[in-house]
Amino acid sequence: MIGSLINNHTPRLSKSKFVAGVQCLKRLYLQVFEPEEAADNTPGTQVLLEQGHAVGLEAQRAFPGGVLVGADHEHIADALKETALLIENRTVPAIFEAALEHNGVLVRVDILERLPRNRWRLIEVKSSTEIKEHYLYDVAIQKHVAVGSGLRIGPACLMYLNRDYTYDGKQYKPNKLFIIETLGPQIRRMEGDVSKLIRQQRRILRADEPPEIEPGAQCMKPVWCEFYDHCNDALPDAHVSELPRLTQAKLDALQDLGISTIHEIPESFPLSVIQRRICECVQAGRPWFGSGLKSDLARLRFPLKFMDFETFYPALPRYKGMWPYSHIPFQWSVHTVERPGADPRHDEFLAGDSSDPRRPFISALLKVLGRKGSVIVYNKAFESVRLRELSAWLPEFSKPIAGIQRRLWDLLPVISSNVYHPEFRGSFSIKAVLPALVPEMTYSGMEISAGDETGIAWDTLANGQLTDRRKEKLRRSLLAYCGQDTLAMVKVWQLLEGTSRQRVS
372 MIGSLINNHT PRLSKSKFVA GVQCLKRLYL QVFEPEEAAD NTPGTQVLLE
422 QGHAVGLEAQ RAFPGGVLVG ADHEHIADAL KETALLIENR TVPAIFEAAL
472 EHNGVLVRVD ILERLPRNRW RLIEVKSSTE IKEHYLYDVA IQKHVAVGSG
522 LRIGPACLMY LNRDYTYDGK QYKPNKLFII ETLGPQIRRM EGDVSKLIRQ
572 QRRILRADEP PEIEPGAQCM KPVWCEFYDH CNDALPDAHV SELPRLTQAK
622 LDALQDLGIS TIHEIPESFP LSVIQRRICE CVQAGRPWFG SGLKSDLARL
672 RFPLKFMDFE TFYPALPRYK GMWPYSHIPF QWSVHTVERP GADPRHDEFL
722 AGDSSDPRRP FISALLKVLG RKGSVIVYNK AFESVRLREL SAWLPEFSKP
772 IAGIQRRLWD LLPVISSNVY HPEFRGSFSI KAVLPALVPE MTYSGMEISA
822 GDETGIAWDT LANGQLTDRR KEKLRRSLLA YCGQDTLAMV KVWQLLEGTS
872 RQRVS
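Following my numbering, the numbering of the sequence shown begins with 372 at its first residue and continues without gaps.
Quick caveat, the hints were computed from the structure, so don't treat them as lab data. One should not assume that every hint holds.
As the list claims (entries may be wrong) - Only pairs whose alpha carbons sit at most 27 Å apart, straight line, appear in this in silico BS3-like list of lysine-lysine:
id, residue 1, residue 2
1, 503, 386
2, 503, 547
3, 503, 544
4, 567, 503
5, 621, 592
6, 592, 503
7, 802, 862
8, 842, 802
9, 547, 691
10, 862, 743
11, 844, 802
12, 567, 592
13, 738, 751
14, 770, 743
15, 567, 621
16, 770, 738
17, 665, 751
Please build the complete structure, drawing on both the sequences and the hints.
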């Protein structure tokens, strides 16, 4: 009886709640009545919110003279009054964060631009570099409320970042940084659906219990639902979903057979070669090493340079020549094994402040890599693209960078083609491979234990207001994490090298 106990009337819908309800009605219900069940925001989520706010401020600069509605989301009545006064004031060319309400639905419009003949252009700002289908509902609900509240809306638009914009290192040019695209036909086709969806959502919010909705694709798309763990039970070890590239049809077929784990899959069930290999490995309970491992490893040339980069990719370009979501290379680690049997030597680089790190990054790296030997990475595409970008930004380094590119050797495909361990659990990430093959090494317990945390940590280190003690702790954590990545490759290579000398198939 949660709904009736908390509210004697249907709660007011907002833009964000409406969009949540479009994704899943149960998500909407839980947001309203059981918000404590939501997962806590991660540091990454907070960074996205902060970047979205920064992008919104830059978008406002494209409309000189525009006025921001100052009242926040906790003072809606004040925001509505302030918006109404600004609408009546014909000297105001644009209104930012306009508050509008119609029939129990409240929206805050990013930008309302005044047009001739008492018309308005409605603009939703996104920190994306492309239009995504679910953004249309953002715009559609705002237009529905704006029209319902008495405004004459002309174009309804989406304003998003221009991936082709190149920052000059001095000041953003909003008219080039953003693309404004009119969504007239798409939004007009959705008008009837919006009214139906509002009625449906209100009906759900008048219910005493959340709707019975089975977990499915809507739990992850278009965004990962904050109530995922509330609705989805933890999967058992060796769940069939650990088989890579398993189609929905095969998942459904296994479910029809009452099979939930890899241990239960019969030999007669159709699987791809790699799926069957993983199935047999898990069922046998021991690792598998392919016969091609020795020949793959034989292509390596000493000295071996095990290399890893860390980057941060803000929505707004940070330095000259960059574009939205350009990767800022701020850290590298290299472990060098000079000859067979030699102990690895470690070199590292970490930019310590907010100045452009690209030149010192590549200068220091080139000195450590030298001109000979294989440069070993895990998932070559990432480091290769970063090197190509550095070559374009700093053309004086293009020749030695090209030399590094030719020496790159990717450990990931060697493992995915020749190695499987039941503890990989369907993943060939180094985070899965390392503890399975080298149990004495693990990322658990490290202050920074995942790649998506490094950029946030570095941005905090370089730009945050931190005590010297906190800065030093964060610096050590970043160095430990990146160093762990390259040492992990050394340890895995050593194990594979020893295994390849044995007769294993």
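Hints, one by one, checked against the model:
no. : hint         : in the structure
1   : 503 with 386 : holds, 17 Å
2   : 503 with 547 : holds, 20 Å
3   : 503 with 544 : holds, 24 Å
4   : 567 with 503 : holds, 22 Å
5   : 621 with 592 : holds, 21 Å
6   : 592 with 503 : holds, 12 Å
7   : 802 with 862 : holds, 13 Å
8   : 842 with 802 : holds, 26 Å
9   : 547 with 691 : holds, 15 Å
10  : 862 with 743 : holds, 21 Å
11  : 844 with 802 : holds, 23 Å
12  : 567 with 592 : holds, 21 Å
13  : 738 with 751 : holds, 20 Å
14  : 770 with 743 : holds, 15 Å
15  : 567 with 621 : violated, 35 Å
16  : 770 with 738 : holds, 14 Å
17  : 665 with 751 : holds, 20 Å
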